[in-house]
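Protein sequence lines correspond, in order, to chains B and P.
Counting in this note's numbering, the first sequence runs from 1 upward without gaps.
Counting in this note's numbering, the second sequence runs from 1001 upward without gaps.
No lab work stands behind these hints, which were simulated from the structure alone.
Beta carbons: idealized from backbone N, C-alpha and C, even for Gly.
Just to be clear, a hint being listed does not mean it is correct.
Claimed, not checked - So these bits of chain B aren't anywhere near chain P, every CB distance computed over 10 angstroms:
{"#": "1", "residue": "D58"}
{"#": "2", "residue": "K60"}
{"#": "3", "residue": "S70"}
{"#": "4", "residue": "E73"}
{"#": "5", "residue": "Y74"}
{"#": "6", "residue": "T78"}
{"#": "7", "residue": "E93"}
{"#": "8", "residue": "K104"}
{"#": "9", "residue": "E119"}
{"#": "10", "residue": "Y146"}
{"#": "11", "residue": "R153"}
{"#": "12", "residue": "D209"}
{"#": "13", "residue": "P216"}
{"#": "14", "residue": "K218"}
{"#": "15", "residue": "F225"}
Stated by the list, open to error - Chain P is faced by these chain B residues, among others (derived, beta-carbon under 10 angstroms):
{"#": "16", "residue": "F28"}
{"#": "17", "residue": "S40"}
{"#": "18", "residue": "S44"}
{"#": "19", "residue": "A48"}
{"#": "20", "residue": "I63"}
{"#": "21", "residue": "C66"}
{"#": "22", "residue": "V68"}
{"#": "23", "residue": "Y69"}
{"#": "24", "residue": "I71"}
{"#": "25", "residue": "E77"}
{"#": "26", "residue": "G81"}
{"#": "27", "residue": "L98"}
{"#": "28", "residue": "D99"}
{"#": "29", "residue": "K152"}
{"#": "30", "residue": "R156"}
There are 2 protein chains.
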Amino acid sequence: MTYHIYHYPLDGASRLVRLALGERGVPFALIAQEPWSPDSVLLSLNPAGELPVLVMEDEKERIVLCGVYSICEYLEETHIGSLLGKNPKDRAETRRLLDWFLHKMRREVTALLIKEKIEKRFTNKASPDSTILCAASANIRGHMQYIDWLIKRHGRLSGAELSLADLAAVAELSVIDYLGHVPWEGFEAVKDWYVRIKSRLSFRPLLNDRINGVAPAKNYANLDF
Amino acid sequence: MTYHIYHYPLDGASRLVRLALGERGVPFALIAQEPWSPDSVLLSLNPAGELPVLVMEDEKERIVLCGVYSICEYLEETHIGSLLGKNPKDRAETRRLLDWFLHKMRREVTALLIKEKIEKRFTNKASPDSTILCAASANIRGHMQYIDWLIKRHGRLSGAELSLADLAAVAELSVIDYLGHVPWEGFEAVKDWYVRIKSRLSFRPLLNDRINGVAPAKNYANLDF
């Protein structure tokens, strides 16, 4: 069966799907899309026009999965290797944190940065609004403190093993890191946890992502910084 | 085991959790919260300060579940009665539609109406912004067309039986209906499907919800309109 992911390199949800497949050793191909202008191919696959979309295909069938929630749960149900947790309570905690990083942190930080620093550049050429960038930078500190608190309690974000919660957090955080907005100083525990996950084989391809004309922050691809 | 839901009467996600428990015949108590000003009790249960939160308790343990995603999947794993679907592909479709109604329709319609017509009334007493209300009214038409298309294909929103997708759609739609913004005319199939679900025992308590000083639209509680 072939796997194609419609994705955007700096979309945390798309990154999480790449990690969820990568951790399971499933090879896949990527088809890049600009999330602010879904084309007709993407709209025919996902009427919501949103990323990521996973297309699994062989001679007998073609399965189209839309959205990180639907994709990750489908992989959990049908592929070897659980990333949600061992029991219902652990899985509930992983899912709570998935919501946190993919919705709350995204809305309060990542979406603001992407809109101001990337989307504006490729659409109306307007300059980033510094008030909004400031708000995102203030918000990220609260999330770093929360990640720090979780890590100091568990060693990871939830449960006894690496989970989708860790992967979702690094997926989102790595987008913010590309844009140079992660305040690493004073968050040594978060940095150690992040470097550990960044060093995994599944994460390596993400370190090679580049957006035309927008270079990543200096230490984005460094495994030791 | 006792069940308490921290909810807001006009929050679609809270409504969905009430329906998911109601459909399973599980009795529960409600604790109302204003979503725009989470109190210290809610924040101690859910650091995201978001609704709904489900607290399940007996003499031996206390389980706190935060967010509609975590709650609905936990109920699916631990309680009798599946509302997601029979096989992984059906469940993937249900989950795609859950995202659609709980995030996309909420963002494009419900959240705008709640902010303008309810939150402003109870916080700064500002008048609703008519431009935003117009945008929400335009957006709801697209969602009605999509629901209409899905129903005409399946009889329901997904799969062979009533699912969380139907319940999420009516949960969100019923909030918009309370506020009088559902354009029923021209959408007979949607109306029939809505009335069928509205007539279920699990839905009845939602018809009695009232917000102080904001009466529901004329036909909100009518089973035949």
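Each hint, compared with the structure:
no., hint, verdict
1, D58, "holds (14 angstroms)"
2, K60, "holds (13 angstroms)"
3, S70, "violated (4 angstroms)"
4, E73, "violated (6 angstroms)"
5, Y74, "violated (5 angstroms)"
6, T78, "violated (5 angstroms)"
7, E93, "violated (8 angstroms)"
8, K104, "violated (6 angstroms)"
9, E119, "holds (17 angstroms)"
10, Y146, "violated (7 angstroms)"
11, R153, "holds (13 angstroms)"
12, D209, "holds (25 angstroms)"
13, P216, "holds (29 angstroms)"
14, K218, "holds (32 angstroms)"
15, F225, "holds (29 angstroms)"
16, F28, "violated (17 angstroms)"
17, S40, "violated (17 angstroms)"
18, S44, "violated (14 angstroms)"
19, A48, "holds (6 angstroms)"
20, I63, "holds (7 angstroms)"
21, C66, "holds (5 angstroms)"
22, V68, "holds (9 angstroms)"
23, Y69, "holds (5 angstroms)"
24, I71, "holds (8 angstroms)"
25, E77, "holds (5 angstroms)"
26, G81, "violated (15 angstroms)"
27, L98, "holds (7 angstroms)"
28, D99, "holds (5 angstroms)"
29, K152, "violated (15 angstroms)"
30, R156, "violated (17 angstroms)"
When each numbered hint is compared with the structure, violations occur for hints 3, 4, 5, 6, 7, 8, 10, 16, 17, 18, 26, 29 and 30.
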